[in-house]
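*Asks:* Protein chains in written order, with the working numbering: chain H, 616 to 867; chain V, 9 to 257.
Keep in mind the hints are simulated off the structure, nothing from the lab.
Glycine included, every Cβ here is placed at the ideal spot set by N, Cα and C.
Heads up, a few of these hints could be off.
Below, a list of computed lysine-lysine pairs in the DSS-like style, where the Cα atoms sit at most 27 angstroms apart [to be verified]:
#, chain 1, residue 1, chain 2, residue 2
1, V, K134, H, K711
2, H, K704, V, K138
3, H, K704, V, K134
4, V, K218, V, K230
5, H, K704, H, K831
6, V, K134, V, K80
7, H, K831, V, K230
8, V, K244, V, K138
9, H, K711, H, K665
10, H, K711, V, K218
Computed spacing ranges between beta-carbons, pair by pair [stated by the list, open to error]:
#, chain 1, residue 1, chain 2, residue 2, range
11, V, S42, H, F702, 36 to 42 angstroms
12, H, E828, V, A225, 35 to 41 angstroms
13, H, A771, V, A175, 57 to 63 angstroms
14, V, T171, H, E781, 52 to 58 angstroms
15, H, S830, V, E202, 20 to 26 angstroms
16, H, Q809, V, S87, 25 to 31 angstroms
17, H, F702, V, T171, 31 to 37 angstroms
18, V, G159, H, E781, 33 to 39 angstroms
19, V, E239, H, A668, 57 to 63 angstroms
Covered stretches of chain V (chain H as the covering partner; in silico rule of three or more C-beta atoms under 8 angstroms from a C-beta of chain H) [as the list claims (entries may be wrong)]:
#, stretch
20, 114-121
21, 125-133
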Amino acid sequence: MFRNNYDNDAVTFSPQGRIFQVEYAQEAVKQGSVVVGLVNKTHVVLVGLKRNAEELSSYQKKIIEIDSHMAIAIAGLASDARVLSNFMKQQSLGSKMTYGRPIPPGPYPQTNTQHYGKRPYGVGLLVAGVDESGPHLFEFQPSGLTHEMAACAIGARSQMARTYLERNLDKFPDSSRDELITHGLRALKETLSQDKELTVDNTSVGVVGLAPEGSKGRIESFKLYEGQETVPLLEALERADGAAEESMEVDS
Amino acid sequence: MNHFPEAWGRPRDDVYGAYDHSYLQTTGPKAHTSSPAVTGTSVLGVKFNGGVVLATDNLASYGSLARFTDVKRLRVFGSNAIVGFGGDVSDMQYIDRLLESIDIRENYSHHGNMLNAKNLHTYLSKVFYKRRSEFNPLWNHILVAGYDGEGEPFLSSADLLGTTFSAPHLATGFGAHLAVPILRRLFPEEMPLEEVSKEAAIEALKQCLKVLYYRDARSMDKYSIAVITKEGIDIKENEVIEGTELGFC
């Protein structure tokens with residue numbers, strides 16, 4: 616596993632100009648179970664595949680609410696994610712206290728890799744939130760790179776989900792809230808190995824967005840679907856897939 | 009002669025008598041600013057259909073002396089809010105520096121400065137409250153004008169104690185006594201905001217400024233006026249009250 620002498624800390628460059636600890640941290644993200652995020656014109660959807668450490672244990676949380684207008688989905692070291700989510704919750708509360716304003720979602724800089732003895736966070740985040748300009752989805756990597764995304768997937772076997780997202784990207788902006796959830800679940804389904812399927816136990820869905828015209832507030836508060844609440848969403852996915860298969864048979 | 013260091017720079021005891029130490033107490037409670045020094049008087053504000061207008065005169069008094077006659081007491085924050093300051097001018101300059109640094113910080117963020125007047129007012133009232141709780145108040149009474157999160161015209165006040173107050177028309181200092189009754193007569197409570205035109209609001213403030221110039225001894229006839237509409241902020245800082253007559257004095 617040792618590449619060479621330059622991976623003992625996160626402040627030393629290799630002669631090739633790389634920082635190996637950061638790259639190892641990115642491997643930790645790839646070990647984590649997959650999460651998918653996608654945006655339409657009004658909503659952001661996060662879906663995650665939860666894992667349980669053993670048959671009898673509970674499932675690890677994948678989506679964490681930061682505030683009523685923002686949530687994160689995590690892949691990688693869950694304990695690092697807790698540190699970051701606690702920090703984000705504090706910042707969010709601070710903004711509400713001092714300005715009476717929900718904190719706008721966006722990139723906030725990472726400094727850990729510039730201090731000796733510290734290590735990069737071994738977790739990747741998808742941050743979903745709404746502000747005055749609408750819904751936003753950001754991807755955060757251990758390297759400190761942040762991108763605003765139209766759709767994104769991180770974690771184990773996430774390439775399959777990304778392929779699905781790339782193929783269907785043009786459908787997202789005009790899809791409805793429910794269609795967007797179905798797209799997210801289908802992308803998640805693509806990543807599953809042969810012997811696995813989406814169940815009420817291992818599926819987690821979070822939605823936040825702008826409230827429909829004419830309603831009281833401007834924001835539709837973050838809603839997390841877990842356990843039995845995911846049943847209608849999974850059924851909608853099955854129906855959509857069923858319909859797609861039928862129409863394919865008609866074609867042939 | 010006394011050569012001990014504590015006597016250095018002091019008037020000689022044998023010439024002027026012993027120094028009266030009651031002037032400079034080293035014990036007792038710590039007292040910071042317990043009165044303002046250079047002050048500005050009233051700030052006036054009126055909401056109208058689609059915006060807000062604020063006005064102050066350009067005078068900073070040192071006690072009863074009209075010390076500075078070109079002090080701009082309306083400060084623009086970002087592109088969508090205005091703060092009008094009454095009270096201590098140095099504290100106003102300090103708060104202005106705070107606002108400047110917030111504007112710079114917000115503009116460095118990816119989303120730009122999205123703080124509206126309501127956010128700004130919440131923040132400033134908390135600054136005032138913190139400072140008064142430290143027994144070191146910022147000696148001001150301010151009006152904040154702009155728009156709230158829903159895009160509605162916003163006008164609210166905050167004072168040195170951290171007290172906040174909101175109304176369709178507001179005035180600080182002497183104006184609270186002299187201008188508010190005039191504004192209440194012109195724009196009664198039951199009158200909807202949609203019926204108040206921009207021109208009527210500006211005209212009302214000019215009338216109030218004139219009354220204040222006549223009756224408030226810490227005022228002058230040069231003033232600043234700022235109009236906030238959806239099109240932006242229109243601020244004029246070197247206006248003169250017209251049609252004044254002081255010959256009878």
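*Asks:* Could you grab the alpha-carbon distance between H:K704 and H:K831 and see if it respects the 27 angstroms cut-off?
*Replies:* It holds: about 25 angstroms lies between the C-alpha atoms, which stays within 27 angstroms.
*Asks:* Starting from the hint 36 to 42 angstroms, judge whether the C-beta atoms of V:S42 and H:F702 obey it.
*Replies:* holds (40 angstroms)
*Asks:* Hint says 25 to 31 angstroms; check whether the CB-CB distance for H:Q809 and V:S87 agrees.
*Replies:* Violated, at about 57 angstroms.
*Asks:* Within a Cα-Cα threshold of 27 angstroms, do H:K831 and V:K230 meet the stated pairing?
*Replies:* violated (45 angstroms)
*Asks:* Hint says 52 to 58 angstroms; check whether the CB-CB distance for V:T171 and H:E781 agrees.
*Replies:* holds (57 angstroms)
*Asks:* Taking the CB of H:F702 and the CB of V:T171, does the distance hold inside 31 to 37 angstroms?
*Replies:* The hint (31 to 37 angstroms, Cβ to Cβ) holds, given that H:F702 and V:T171 are roughly 33 angstroms apart.
*Asks:* Is the hinted range of 57 to 63 angstroms satisfied by the C-beta distance from H:A771 to V:A175?
*Replies:* holds (59 angstroms)
*Asks:* Given the hint that H:K704 pairs with V:K134, test it: the Cα-Cα distance must not exceed 27 angstroms.
*Replies:* holds (21 angstroms)
*Asks:* Are H:K711 and H:K665 close enough, with their CA atoms no more than 27 angstroms apart?
*Replies:* violated (31 angstroms)
*Asks:* Take a look at whether the Cβ-Cβ distance between H:S830 and V:E202 falls inside 20 to 26 angstroms.
*Replies:* Between H:S830 and V:E202, where Cβ atoms are some 24 angstroms apart, the hint holds.
*Asks:* For the pair V:E239 and H:A668, does the Cβ-Cβ distance stay inside 57 to 63 angstroms?
*Replies:* holds (60 angstroms)
*Asks:* If you check the beta carbons of H:E828 and V:A225, does the distance land in 35 to 41 angstroms?
*Replies:* Because 55 angstroms falls outside the window, the suggested range is violated.
Of the numbered hints given earlier, the model fails hints 7, 8, 9, 10, 12, 16; all others are met.
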